[in-house]
Amino acid sequence: MTEELIIAGFGGQGVLSMGMTLAYAGMIEDNQIVWMPSYGPEMRGGTANCVVVISDDKISSPIINTFDTAIILNQPSMDKFESGVKPGGNLLYEANNIINPPTREDISIYDIPANLEALKLNNAKTMNMIMLGAFLALRPVVTIESILEALKKVLPERHHHLIPVNEQALRRGMELTGQTTTV
Amino acid sequence: MAKKLMKGNEALAEAAIRAGVKGYFGYPITPQSELLEYLSRELPQRGGAFLQAESEVAAINMVYGAAGAGERVMTSTSSPGFSLMQEGISYIACAELPCLLVNVMRGGPGLGTIQPSQGDYFQAVKGGGHGDYKLPVLAPNSVQEMAEFVYDGFDLADKYRNPVLILSDGALGQMMEAVEFPDYDIEAHKVDHSEWATRGRRKGHDHNVLTSLYIQPDKMEAINQHLQEKYQLIEAREVRFETIMTEDADFLLVAFGLSSRVAHKSVEMAREKGYKIGLLRPVTLFPFPSEILFQLAGQVRGMLVIEMNTGQMVEDVRLAVRGKVPVQFYGRQGGMIPQPDAILHEIEKYYTQRLAVEVD
Amino acid sequence: MAQLFPENLDDPYLYLAGDESHKCELIEEMNQVWRRPDSLIDTPMHYCPGCGHSVAHRLLMEVVEELDIVERTVGIAPVGCAVFAYNYLNVDMQEAAHGRAPAVATGIKRVLPDRILFTYQGDGDLAAIGTAETIHAVNRGEKMVIIFINNGIYGMTGGQMAPTTLEGAKTSTTIFGRDTSVHGHPLRIAEMIAPLPGAYYVTRQAVNTAKHVRKTKKALLNAFQYQIDGANGTCFVEIVSNCPSGWKMTPLESNELLEDEIFQFYKLGDLKLPGKE
Chain A
1 MTEELIIAGF GGQGVLSMGM TLAYAGMIED NQIVWMPSYG PEMRGGTANC
51 VVVISDDKIS SPIINTFDTA IILNQPSMDK FESGVKPGGN LLYEANNIIN
101 PPTREDISIY DIPANLEALK LNNAKTMNMI MLGAFLALRP VVTIESILEA
151 LKKVLPERHH HLIPVNEQAL RRGMELTGQT TTV
Chain B
1 MAKKLMKGNE ALAEAAIRAG VKGYFGYPIT PQSELLEYLS RELPQRGGAF
51 LQAESEVAAI NMVYGAAGAG ERVMTSTSSP GFSLMQEGIS YIACAELPCL
101 LVNVMRGGPG LGTIQPSQGD YFQAVKGGGH GDYKLPVLAP NSVQEMAEFV
151 YDGFDLADKY RNPVLILSDG ALGQMMEAVE FPDYDIEAHK VDHSEWATRG
201 RRKGHDHNVL TSLYIQPDKM EAINQHLQEK YQLIEAREVR FETIMTEDAD
251 FLLVAFGLSS RVAHKSVEMA REKGYKIGLL RPVTLFPFPS EILFQLAGQV
301 RGMLVIEMNT GQMVEDVRLA VRGKVPVQFY GRQGGMIPQP DAILHEIEKY
351 YTQRLAVEVD
Chain C
1 MAQLFPENLD DPYLYLAGDE SHKCELIEEM NQVWRRPDSL IDTPMHYCPG
51 CGHSVAHRLL MEVVEELDIV ERTVGIAPVG CAVFAYNYLN VDMQEAAHGR
101 APAVATGIKR VLPDRILFTY QGDGDLAAIG TAETIHAVNR GEKMVIIFIN
151 NGIYGMTGGQ MAPTTLEGAK TSTTIFGRDT SVHGHPLRIA EMIAPLPGAY
201 YVTRQAVNTA KHVRKTKKAL LNAFQYQIDG ANGTCFVEIV SNCPSGWKMT
251 PLESNELLED EIFQFYKLGD LKLPGKE
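Chains as they are written, first to last, in our numbering: chain A, 1 to 183; chain B, 1 to 360; chain C, 1 to 277.
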């Protein structure tokens with residue numbers, strides 16, 4: 001099993017932490033993992049992305065330009081990474097942030113209303129966990145328990161009281177994938 | 001020891017503390033600042049001195065001083081900062097002071113970019129500053145090695161009384177992987193430098209002086225010859241490399257650091273297509289694994305060197321194979337990273353072409 | 001009349017260097033008013049006749065011995081005329097790159113905090129190429145003594161203008177005299193250093209007369225004693241000195257120039273005393 005994933009959006013949408021949580025969970029389950037961020041000025045409010053690779057085998061390259069799954073949170077990232085999804089792969093995007101939806105017919109596409117659902121949870125910042133939940137429903141590369149374990153490591157202790165709402169978000173995300181239509 | 005998920009820069013910093021670093025002197029520069037930040041937070045609480053210097057020039061001279069005092073010390077920087085340090089490194093090499101240097105390379109020349117690069121290969125392996133000197137250069141290609149090479153680097157530095165360089169890049173510094181810190185007994189690895197170190201004149205002894213100034217040319221020549229003998233010893237003893245799928249290979253990729261990870265992926269892709277491609281990865285860039293390359297040149301029909309520069313290590317590969325096989329080059333520059341499929345495309349350019357010639 | 005030189009003296013140089021075997025009648029224990037400190041290595045110095053460096057070296061080693069810190073002291077030699085200071089000063093020493101002595105001393109002090117550190121630097125080293133290291137070491141309040149020999153010229157490289165060269169002064173790179181509109185103004189480093197909170201003790205002295213030598217010795221004693229006592233900052237001792245060769249004059253003329261002109265610009269005295277602003 002190897003999953004090569006890109007998560008891309010604006011800085012502040014939780015792109016990097018979503019990837020880091022997933023990578024941590026992968027490590028907890030004794031997989032090989034790589035988390036490779038974009039870095040530099042773009043981290044400060046511009047576009048941000050990270051690549052996560054989870055594998056039960058040794059990972060050769062942390063640098064990849066084709067992906068099993070892309071999680072896309074804004075239009076510039078859609079423009080940049082839609083073409084990189086491998087045929088037969090998955091593209092999940094946050095519906096509210098995309099003006100021009102993806103058009104490819106050889107991949108599975110899911111529009112997830114993650115912003116809206118996060119607002120329903122009274123915590124807009126859980127949007128990234130909703131997207132992650134949606135992804136995990138499609139590609140159960142790690143268990144939700146490992147994600148919750150990972151959150152304890154990734155979140156500073158003063159934010160641990162937010163873990164329950166993050167769990168709610170994850171579970172809501174998992175439900176959403178089932179409900180949305182495959183384009 | 002449990003695994004930790006860490007950035008390469010942080011893993012290197014943590015390893016330095018576990019290796020007993022007593023002094024760190026550095027200056028902020030992207031993409032190595034995590035190293036500085038980590039040590040500023042951790043080192044003073046764990047038995048070492050951290051100081052943010054006013055410049056890379058000052059930082060390397062603080063290292064010169066502290067290394068001269070016989071303590072385990074280091075600095076880290078990224079390409080433009082490493083250029084600024086060259087003068088000091090030349091002095092340290094001549095005064096034969098052990099210390100660890102880290103260059104987390106970014107794209108150049110000039111201010112360049114903050115994205116990863118391997119453009120400082122020549123500077124790293126050929127000396128870098130003025131005069132004839134060499135640094136053992138370790139090139140990690142994973143977060144695990146970013147940590148492991150720190151211990152190795154300090155031990156090599158102590159063993160040969162020579163600065164040792166870890167040549168990394170922005171991607172290895174920024175990316176996270178699982179890392180497991182090896183057990184390392186600081187006391188067991190401690191080397192007593194009091195015979196030459198400037199720690200205050202020892203009772204009953206003449207003073208210790210550390211200098212790189214020998215105004216009489218015959219003395220300076222003797223110093224040069226002594227240094228060269230040391231470097232030859234290092235070349236004889238400390239060559240490190242990794243071979244991947246070379247046993248049956250009839251075509252060889254050569255790459256170090258991050259490029260070797262991408263090249264590895266290309267090898268996997270090529271093998272799926274039935275091409276017998278192998279990969280040689282130099283782990284020490286000085287001393288360079290020339291011998292194994294010469295051996296492999298007798299086995300393969302060609303080599304392709306992959307680098308994140310315009311072709312630097314390829315010159316050493318060509319020197320090593322002594323014209324036995326054609327050596328091609330593929331590189332990206334300025335912070336761009338070669339992609340696995342682009343490398344595969346390059347492989348096909350040479351590999352299938354040659355196959356076709358042979359079939360004819 | 002007592003003999004000034006012993007008979008059959010083959011090597012007057014040896015005699016001048018204080019070789020005991022050539023001891024003449026004049027130098028008997030009862031007459032002795034001064035002796036070379038043990039830590040000042042018994043060897044001819046390479047400094048030009050009349051140069052202030054040798055006096056400064058001697059004072060430095062007297063102070064280190066009198067304070068009994070020979071085994072705790074580490075010194076940093078500069079690039080400049082004092083580049084070979086370690087050939088004369090028998091304490092552990094490192095030779096620094098041009099201008100970097102305060103950084104080198106910082107490195108040692110940070111890993112060996114109980115040692116007493118000093119740098120010995122000229123004006124090209126400290127006030128030109130090493131200005132950043134000087135200012136920042138003092139600004140961090142590095143616990144060390146910085147000894148600054150200011151003779152207003154690059155002596156070792158053959159008499160070029162230094163940042164400290166006075167206006168109008170002729171040097172090999174200002175042959176018509178220093179023109180401030182072209183070459184900038186003479187730099188008073190001690191005045192720049194003194195207001196920094198990290199500066200603990202800043203003083204400017206000279207070694208051209210016996211009186212000034214005594215005062216400089218006192219200043220050095222103070223500076224090192226403060227460091228021994230754990231001063232929370234840097235001690236900076238400037239010694240305004242001469243350079244007969246670089247100034248192209250006799251030692252006597254150079255000493256007169258110090259009194260007549262140079263001390264008018266570089267005023268001698270304390271610029272900052274502990275506990276006073």
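Treat the hints with caution; some may be incorrect.
What the hints assert, rightly or not - Below, a list of computed lysine-lysine pairs in the BS3-like style, where the Cα atoms sit at most 30 Å apart: (1) Lys218(C) - Lys203(B); (2) Lys126(B) - Lys159(B); (3) Lys153(A) - Lys22(B); (4) Lys273(B) - Lys80(A).
To be verified - What follows is a list of derived Cβ distance ranges for each label pair: (5) Gln32(A) - Leu233(B): 50 to 56 Å; (6) Asn87(C) - Lys190(B): 29 to 35 Å; (7) Gly110(B) - Thr2(A): 37 to 43 Å.
The hints are simulated quantities; they were obtained by calculation from the structure and are not laboratory data.
All figures in this text were calculated on a predicted structure; none of them were measured in a lab.
Don't be surprised by glycine CBs; every beta carbon is placed ideally from N, CA and C.
Here's how the hints hold up against the structure:
no.: 1; hint: Lys218(C) - Lys203(B); verdict: 27 Å, holds
no.: 2; hint: Lys126(B) - Lys159(B); verdict: 21 Å, holds
no.: 3; hint: Lys153(A) - Lys22(B); verdict: 29 Å, holds
no.: 4; hint: Lys273(B) - Lys80(A); verdict: 28 Å, holds
no.: 5; hint: Gln32(A) - Leu233(B): 50 to 56 Å; verdict: 37 Å, violated
no.: 6; hint: Asn87(C) - Lys190(B): 29 to 35 Å; verdict: 32 Å, holds
no.: 7; hint: Gly110(B) - Thr2(A): 37 to 43 Å; verdict: 39 Å, holds
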